[in-house]
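Trainee: Spelled out, the chains give:
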Amino acid sequence: MLNNIRKDHSFYWALVILAVIAFTGVTGCKSQKKIEAQKAAQERTDKIDQAKMDLINLINQQDNLTTAEMEDLVSEIRGMNLDDVELNALLEESENIIRAKREEQQRIEAEKRRQEEELQRFEENRFNKIEDYFEAIASSKSMEMANTRVNEALKFFASPQVPVLIITFMEGDFKDYDKPTTIRKYLEYLKDQGKNRNKIYNVQFDSHGKIIELELIKM
Amino acid sequence: MKNQSIIYLFLLLFSMSISGLAQDNISPQRKMAIDSLALEKVRDLSKYISIIGSKETAWSEANRVIERTLELFSEGAQMGVSTINQPKVKYYDIRTYLERLMALNYDKVKIEWFNIEYMSDLERMPDGRYVGVITIYQRFEGSSGDKMKYMDTTKKDITVYVERKQTQIGGRLIGFWDVLLGDVRVIETKP
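If you're matching them up, the sequences are chains A and B in order.
The first sequence begins at 0 in numbering that gives the first Met the number 0 and counts up one residue at a time.
The second sequence begins at 0 in numbering that gives the first Met the number 0 and counts up one residue at a time.
For the record, the hints were derived by calculation from the structure and aren't laboratory data.
Please note that a few of the clues may not be correct.
Sample of chain A residues at the chain B side, in silico, Cβ under 10 Å [stated by the list, open to error]:
| no. | residue |
| --- | --- |
| 1 | A67 |
| 2 | M142 |
| 3 | M144 |
| 4 | K174 |
| 5 | Y176 |
| 6 | D191 |
| 7 | K217 |
Quick reminder that beta carbons are idealized off the backbone N, C-alpha and C, glycines included.
The whole structure should be built from the sequences, with the hints applied where relevant.
Mentor: This is the structure we're talking about:
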């Protein structure tokens, strides 16, 4: 009888212990999840705060970022899918700034290209004009006409002593030259020989637009 | 005797290696450009001589062209002059020759050079210079009034020297080929 009672007590104690274990296990799991959720929420908040700070800096252009770096930053923040109203507004504002910056850059580049093309056209015209003079001097019918053209052509140059280099051979960056001469001697050479055997390869100008060095190449 | 043969063989090999060092190490295309440049200088000379000789050229212009012509020649170069009547060739320094040419006693002088070509190709000497010989034929016609007074055709050989030099222009070093003409020797004169 006593043994039965002891057995019953052991059984109840076992039940009680099991119940306690089960209860504490459930509540422990619940609190762990809660902690993790709180941690995730905190991380999201931190990310949002950091992203906002980065975007505000971008908008105020305090980080001296290039347009490409700005685009990368916005793209990275968008990829986080943080979905915050204030952050979304900042993203939109940043994208507008980047778009404006890109448009401005394109406008500057287009203007630079236009100026370069204009300069190239201007120099080509000037090259053509000088080439025309060379041809005209070489094909002059009289000495007087040739001399007049020599004097006209000299006006394009900073002085009659401007060096003239004539490339006789070129391979890659390597160049061989004839003995360097001066523009006056070269123009007189054209007049004497009656042939224009070289064409303009390169011209250097001074700040007044006068030629200070002429590089020709054998045709 | 055996030792002597070995020494001779050694000397022969040594001299061959030295001449080998003096050989061209420039590409055929580059050499061709140098050949053309030297030929062009001779053609330039041809034109200058016809300008100086021509009675239509103003005195001041002829003198200017003489100065340009002198720039083509090396120091001390001489020009051979011959006539059909006088087989002995006379040699003058270039300035004297050009001044005599300018003062020739004809009303009209016509000088033309033709068949300008290499008689011996430019070859590199041990001192690094290239030396070659260019042959030209000169047709001379001098007349006074309507009557032809004198004409001949002379074959001449011109020694050509080409030297690699450097100069500074605009702050950079420019490598150039300095072509200078040497003596102009008369080979033969025909009517």
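Trainee: Quick one: which hint numbers does this structure break? Sort them smallest to largest.
Mentor: Hints 1 and 3 not satisfied by this model.
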